[in-house]
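Q: So you can see what is in the structure, the chains are spelled out below.
There are 2 protein chains.
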Amino acid sequence: MAPKLDDVAKLAQVSKTTVSRVLNKRGYLSQATIDKVYAAIKELDYHPNVVARQLYKNKTNLIGILLPTVANPFFGELTAALEMKLYQQGFKVLIGNSMNDPAKETAYLNELLTKQVDGLVVGTHNQGIKQYEHRDLPIVAIDRIMNQDIPIVESDNYRGGVVATTRLIDQGAQHIIHINGPRELATPARRRRDAYEAVMREHGLTPSTYEIDFNLPEGRKKQLFRQLLIDHPEIEGIFSSNDTDAALIMQLAHELGRKIPDELLLIGYDGTKTVRELLPSLTTIVQPIDDLATTAIQVLNDRMQGITTKKEYILPIKLWQGDTA
Amino acid sequence: MAPKLDDVAKLAQVSKTTVSRVLNKRGYLSQATIDKVYAAIKELDYHPNVVARQLYKNKTNLIGILLPTVANPFFGELTAALEMKLYQQGFKVLIGNSMNDPAKETAYLNELLTKQVDGLVVGTHNQGIKQYEHRDLPIVAIDRIMNQDIPIVESDNYRGGVVATTRLIDQGAQHIIHINGPRELATPARRRRDAYEAVMREHGLTPSTYEIDFNLPEGRKKQLFRQLLIDHPEIEGIFSSNDTDAALIMQLAHELGRKIPDELLLIGYDGTKTVRELLPSLTTIVQPIDDLATTAIQVLNDRMQGITTKKEYILPIKLWQGDTA
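Listed in order, the protein sequences are those of chains U and G. Residue 156 in the UniProt record's numbering sits at position 156 of the first sequence, and the numbers go up by one each step. Residue 290 in the UniProt record's numbering sits at position 290 of the second sequence, and the numbers go up by one each step.
Next comes chain U alone, as it looks inside the complex (with noise of 0.2 Å):
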C-alpha cells in the first residue's frame, strides 16, 4: 500500500494543508516545518500524486514537440538539444511527428487547447490547420512560417544561399542548378532559391531551381535524379537543399562516372553531426541547431510568460568544407 498524503502529515505531526502547502510552496511556512516534511516524505518514501497537483496549479510542466519524424537526422537532433536543455528547465517534453498528416497535427494541437501541454514548439509542413489562429497561443516556430501571431526561429537561410552558390561560382562552375521544394511551401528554406537566384542573376547566370517533393519515396527521386545528370550534362554545379539529396547524387554521380569535384561540384544543405560523421567529404550549410533550441526555448519562455517576443529571430550558419566544393 502506497504511503498518502495522511501518512506524511500524522508521521511530520502536522496538519494536511500544511503539507500541501510544502508540496505546492505555498503561503508561509518556517524553515523547521519544512524540514520535518520532507523527512516524513522521505521516511515513508511518499511520492504525490503529479496529476492531483497539476490540476491544482493548472501546469503541467509539458511541452510538447511538433515535428515532422525524429527519424530525419536534422529534427533527431533538435529534438534531443531541445528535450537537453527543457529538462534543465523543469519540462518534460511530448513528441508529435506529425509527417503529412494534418489530422495528427490537430490532435496534438487539442491537447494544448485542453491544457496537457504548457507550451508547444512546431515545425511540421501542414497547412491551413485553423488552431494555429487561436492568439496568444505559448507556441514557437521553428524554420516554419505559420501566421502573424506566432514568432518563428530559424537559421539565416539567405546567406547560407549567397555562400553555397558563392562558392560553386568561384570555384568556376556556371551552369549550376539548386534542387528545392515546391516555391509555395511555407518555410524560410524558399529563402536559399532566392539568394540562390539573385547570386547567379548577380554574376550574369541564369538560375535554374528544380523543384522536387522531399515526400518523394527514394527510389523515384534516384530516378528524377538519374534522368537530371543523363540530360544534362553540362550541369556543373547543384547547391541542393538538403543533404540527403545531396548525398544520393554523389552516390549517382559515381555511377555515371561523373566524378566529384573535378566534373561536378555539391553542396548540401543542414550539415547535421551525423552527416557530417557518415559523409564528411560532403561540403555542407550548417545550421546550427544548438543555437535554434535555445532561442526556441526562450521565446517560449517569455510567450508562457506573457512577454511579448519580437516576430523573428535569425542565426548565423556556417559552411563545412568537404571534397565535394
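Honestly, the hints are just simulated from the structure, not real lab data. Incorrect hints may have been included.
Since the list gives no way to pick out one identical chain from another, each pair is judged satisfied if it fits inside one copy or across any two copies.
What the hints assert, rightly or not - The calculated DSS-like cross-link candidates involving lysine-lysine, where the alpha carbons are at most 27 Å apart (straight line), are:
1. 42 - 59
2. 85 - 104
3. 130 - 4
4. 130 - 42
5. 59 - 311
6. 259 - 273
7. 310 - 273
8. 59 - 104
9. 10 - 42
10. 10 - 222
11. 130 - 36
12. 104 - 4
13. 42 - 318
Chain G: place on chain U using the hints.
A: Chain G alone, transformed into the frame defined by chain U:
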C-alpha cells in the same frame, strides 16, 4: 470564457453526471442521449479538462520512451516508429534522452512511480538504478538487459555476428578484428562479439576484439582507429559493432590509402534508413527497427493489462549488401 461541463449539460438538457458518463463511456446510455451530448459539445466547442478526466480514470495515456538520445539515427528511427504506432493506439509519447546521466534516468522512473505515464520503453545504458527493482512495472526493454522481471525485445545479435564474420571469411580475409563496446556493458550487443569469436575459432582463426568506449569524443576515436590501422597493416577485415565507427574507418582507410574492399573488407552494424541513404556503399547488418517497435508495444500492452509475457523476444536481422564487403 471557455464553456464548462455545466453548459453542455444545460444545452443537451441532461444532467452533469450524464455528460460525464458520455465522456468517460461509462454506464448504460441510449444512442439518443449520446448524440444529444456530442451535438452540444460540438456546438459549444467544449474541450473537456483532460487532466481532471485522467485523475478520474487514473490513466494518463502517456507512454515514456527512455533512450540514450534521439540524435542517434538508430534511436531516432526507433522513437519515430514507436511514436507512430502508439499514437494509433491513442497514446502520446513522453521522451527522455538519458545519455549517461543516471540522475536523469532516475527522474524519469520516478515519473512512472508517480503515475505520470502508463508505461515505459527503456533502452538506456545506465547501471544499478534501484527503481527498476520494483516488480510488475509496465516496462519493456529494447536491446538492453535490465533485470529478471523486465521483458527484453532485441534483434538476433548472435546471428548478426555470425553473418558478418562468415561473410568476411568467405571473401578471403583471415586477419579480422571486431570493434565493440566494453564487455561489461549490459547489452545483448555483446552477443555479436561472442558470435564473432566463435566463428573465428571454428575456422581456425584467432579472434581479436578491440574494445572502445562508445562515448569517446569523435576526435579521440579517430586517433585510436588511425593508430590501429597504421600499427596493424596485416588487418584484412573489420567487423564494427556500429555504422558510425565503420564510417569513420572508411574515411581513415581512404586517407591512409588502404583500398576498400580490395585491401580491407568492412562490415558495420545497425543499418538504419539514414545510414543506408547517406552511405549506401557500406555493407552492414540491418536491425529490424519497425518490428522491434511493434513487438515492444505488444509486450508493453500485455504488461499494462497484467498479462504474463515471455522474458525475451528475438527478431531476425538482415544483411545490407554494399560495396565494402
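Q: Does each hint fit the structure? Answer for all of them.
A: Verification of the hints:
1. 42 - 59: both (25 Å within a copy, 26 Å between copies)
2. 85 - 104: For residue 85 and residue 104, the Cα distance is within 27 Å both inside one copy (26 Å) and across copies (12 Å).
3. 130 - 4: between (44 Å within a copy, 22 Å between copies)
4. 130 - 42: between (48 Å within a copy, 15 Å between copies)
5. 59 - 311: Classified as within: same-chain Cα gap 26 Å, cross-chain 38 Å, threshold 27 Å.
6. 259 - 273: both (26 Å within a copy, 26 Å between copies)
7. 310 - 273: neither (29 Å within a copy, 38 Å between copies)
8. 59 - 104: both (23 Å within a copy, 21 Å between copies)
9. 10 - 42: within (14 Å within a copy, 47 Å between copies)
10. 10 - 222: neither (70 Å within a copy, 60 Å between copies)
11. 130 - 36: between (51 Å within a copy, 25 Å between copies)
12. 104 - 4: Answer is between; shortest inter-copy Cα gap is 25 Å, intra-copy 38 Å.
13. 42 - 318: The answer is neither: 50 Å in one copy and 50 Å across copies each exceed 27 Å.
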